[in-house]
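Visitor: For the record, the sequence lines run as chains L and E.
Numbered according to our numbering, the first sequence spans residues 115 to 434.
Numbered according to our numbering, the second sequence spans residues 4 to 364.
One or more of the hints may lead you astray.
What the hints assert, rightly or not - What follows is a list of derived Cβ distance ranges for each label pair: (1) E:K352 with L:G246: 43 to 51 Å; (2) L:W284 with E:V302: 46 to 54 Å; (3) E:G326 with L:W284: 27 to 35 Å; (4) L:G237 with E:R179: 25 to 33 Å; (5) L:D312 with E:S38: 45 to 53 Å; (6) E:V302 with L:G426: 25 to 33 Å; (7) L:S240 with E:L115: 41 to 49 Å.
Calculated directly from the structure, the hints in this document are not laboratory data.
Here a beta-carbon is modelled for each residue, glycine too, at the ideal position from N, C-alpha and C.
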Amino acid sequence: MIQTIIINGMSFSLPLFIMAIGGIYSERSGVTNLALEGLQGFGAFVGALAGYIAGMHFGADSRVPQAVALLFAILGGMAYSLLHALLCIHFRADMVISGVVVNILAMALTTFLTKSINRTVFGAASNKIDLGVLPRITVPGLSKIPVIGAFFTNVYPFEAVIIVIAVFVWYLLYRTSFGLHLRAAGDNPAALDAAGVDVSRIRYLAVMMSGALSGLAGICFAYSISAKFSGDIYVGYGYLSIAALIFGGWKIMPTLGACMIFGFARSAGYQIVQKLGLPSSYSDLVMILPYVLTLLLLVFLAKNSQAPKALGEAYDKSKR
Amino acid sequence: MKKRNETVLVAVIAVILGLLAGAVMMLILKKNPLSAYYNLLQGSGLAPKGKYAGGKSMFSDFSSYIDFLTPMLFAALAVAVALKAGLFNIGISGQMLTGAFLATVLVGYGNLPAVLAKPLVILIAAAGGGVVGIIIGFLKSRFNISEVVSSIMLNYIASYIISFFINTRYVDPVSRQSKEIGQASRLTLHQVLVGGFRYDFALGFILAIIAILIVRFIFDRTVLGYELKAVGANREAARYAGIRVNRSILLSMGLSGLLGGLAGATYFLGYTASIQPKVLPSTGFDAIAVCLVGGSSPVGIFFASFFLEIIEKGSTYMSSQAGLEAEIASVIMGLILLTSACSSFILAKVSRRRVEGRGSK
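All chains should be built: construct the whole structure from the sequences, respecting the hints.
Guide: What follows is the structure in structure tokens.
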């Protein structure tokens with residue numbers, strides 16, 4: 115039972131985590147990013163479409179379509195995030211409103227496009243793009259270790275991809291001059307500007323990074339939990355990851371902890387419903403666990419939050 | 004006066020840009036945007052259709068449009084009340100569901116006479132929505148939790164809990180929605196036959212007009228409204244001036260939630276008579292667009308709702324006539340929302356042009 119909780123928990127926590135890292139990038143650079151929800155959905159849409167089209171040209175056993183989907187999800191999320199960047203940095207829109215607007219538009223646009231493309235291109239009236247669930251892998255040897263072995267049993271391939279990327283972006287944020295500039299853009303943009311670095315450019319790149327990572331998260335959800343792309347992808351995971359990063363104090367490692375708590379709470383809840391033999395409608399009650407947990411965690415942590423100092427403020431050169 | 008003109012100008016620019024972008028999308032899909040937009044008017048009873056089914060006319064379509072519009076008036080007012088105090092209430096969908104579900108279960112399934120049932124529905128829904136609003140306000144003022152995050156969390160919590168109760172107790176096996184409420188507690192007199200045609204009389208519409216006037220009065224003429232606006236403009240300055248900021252946050256979120264609950268009552272116990280499980284009503288999100296386009300003033304909201312809801316209401320008819328997916332309505336709404344989010348930028352451009360124009364003379 116514990117093994118199942120760990121396996122299912124991790125396959126939910128890791129996409130949440132990579133999306134939260136995207137949020138950290140954007141917010142550490144000073145751009146409030148509530149758009150994660152829309153970014154992951156839009157990325158998943160682009161990825162799912164690319165994967166579906168690629169699937170028509172490769173055999174059923176081929177892994178190429180899935181790789182294509184992952185790549186295009188990253189690109190799609192990145193491209194769509196430019197909208198949020200443009201609104202926040204160039205048009206100086208209220209960042210909170212911009213994030214919500216970007217989400218609403220993503221939801222409308224992707225469901226509309228899914229239906230339209232299905233009807234006009236594929237000739238079928240459908241509101242989803244079927245993807246199926248990725249095959250799972252068990253690492254030989256490591257999976258035999260008691261308890262910890264569960265982390266290497268029945269894992270989705272994307273979990274490995276996420277860990278590799280997470281290590282890379284951790285290094286980029288904390289150990290390179292680009293990362294230093296990014297963090298400075300969120301804490302003291304005027305100082306960064308004085309040092310001759312273009313604050314807007316840094317912020318654009320940071321938001322694009324959040325789009326790329328959210329797109330990756332979105333396609334992972336599409337290939338695991340939902341097994342398809344449809345409007346159902348917008349169930350607030352983007353907001354969950356924002357809660358996780360607030361909980362993690364805008365730092366990458368503590369955020370991983372928060373994401374794992376969400377993931378394990380969710381999978382444990384499902385296990386309990388199953389073990390007690392409750393009817394499936396009771397899973398609705400389990401579904402609220404991560405949301406309730408988010409609120410409870412925030413109650414204890416939001417008061418002394420260490421948000422970046424210039425978070426949510428458009429940088430105005432003339433005010434220096 | 005000048006400020007109001009600018010707000011109207013920005014709203015008009017935002018709507019036109021949104022409609023233009025929508026037209027471009029339709030052209031890409033090889034559809035005629037003009038006839039599609041005319042279909043929207045026809046679907047809302049603002050232009051005559053080619054033919055009508057028995058008992059239907061342009062005016063019965065229009066009465067159904069007013070019925071559809073009523074929840075939006077409340078929802079957009081709810082956004083405005085919170086926004087005045089600098090809070091962003093994106094939890095209106097959850098407040099709608101909570102208020103409407105409580106009213107449905109407590110009154111809708113009972114057999115009280117209409118004189119008692121209808122006012123009770125209004126009171127219960129308002130209280131239910133108000134409590135959710137106050138929770139969000141409390142989390143904000145006491146624990147400094149972003150109202151955006153907490154209201155989204157509460158949206159999903161409300162949606163799942165209500166869907167659990169509907170699926171286990173109140174489900175209609177055919178429609179897969181909650182069982183229909185009794186006509187006595189419904190806030191819309193549904194399909195009433197007058198002179199050979201059937202009309203929907205939205206009693207909530209009168210209430211919505213009253214709500215608009217009350218909110219306008221509170222903001223323009225009372226100390227409470229002044230304090231809320233002060234908190235919204237600058238929280239620290241308001242605190243320094245002796246305004247109890249936490250109390251203002253609680254009050255504005257409570258009032259906003261109350262209006263959200265009324266939106267829910269007029270939607271789920273008026274326009275429809277049942278609740279679909281696991282679906283957050285899009286009215287709660289579209290209300291943000293309506294409020295922004297209406298310059299978050301109560302009267303502006305009335306006109307903004309009236310124009311923008313044509314897009315949503317007419318979309319079904321447009322879809323059947325033009326062969327376009329009805330979801331394009333939400334896309335156009337989203338585009339209008341996008342342009343109105345840039346309103347301060349548009350405003351800056353407009354006023355700069357004005358200043359330059361004056362300089363050249």
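Visitor: If a hint holds in the structure, say so; if it does not, say that too.
Guide: Hints versus structure:
1. E:K352 with L:G246: 43 to 51 Å: Holds, at about 49 Å.
2. L:W284 with E:V302: 46 to 54 Å: Holds: the Cβ-Cβ distance is about 52 Å, inside 46 to 54 Å.
3. E:G326 with L:W284: 27 to 35 Å: violated, 50 Å
4. L:G237 with E:R179: 25 to 33 Å: holds, 28 Å
5. L:D312 with E:S38: 45 to 53 Å: Holds, at about 48 Å.
6. E:V302 with L:G426: 25 to 33 Å: holds, 30 Å
7. L:S240 with E:L115: 41 to 49 Å: holds, 45 Å
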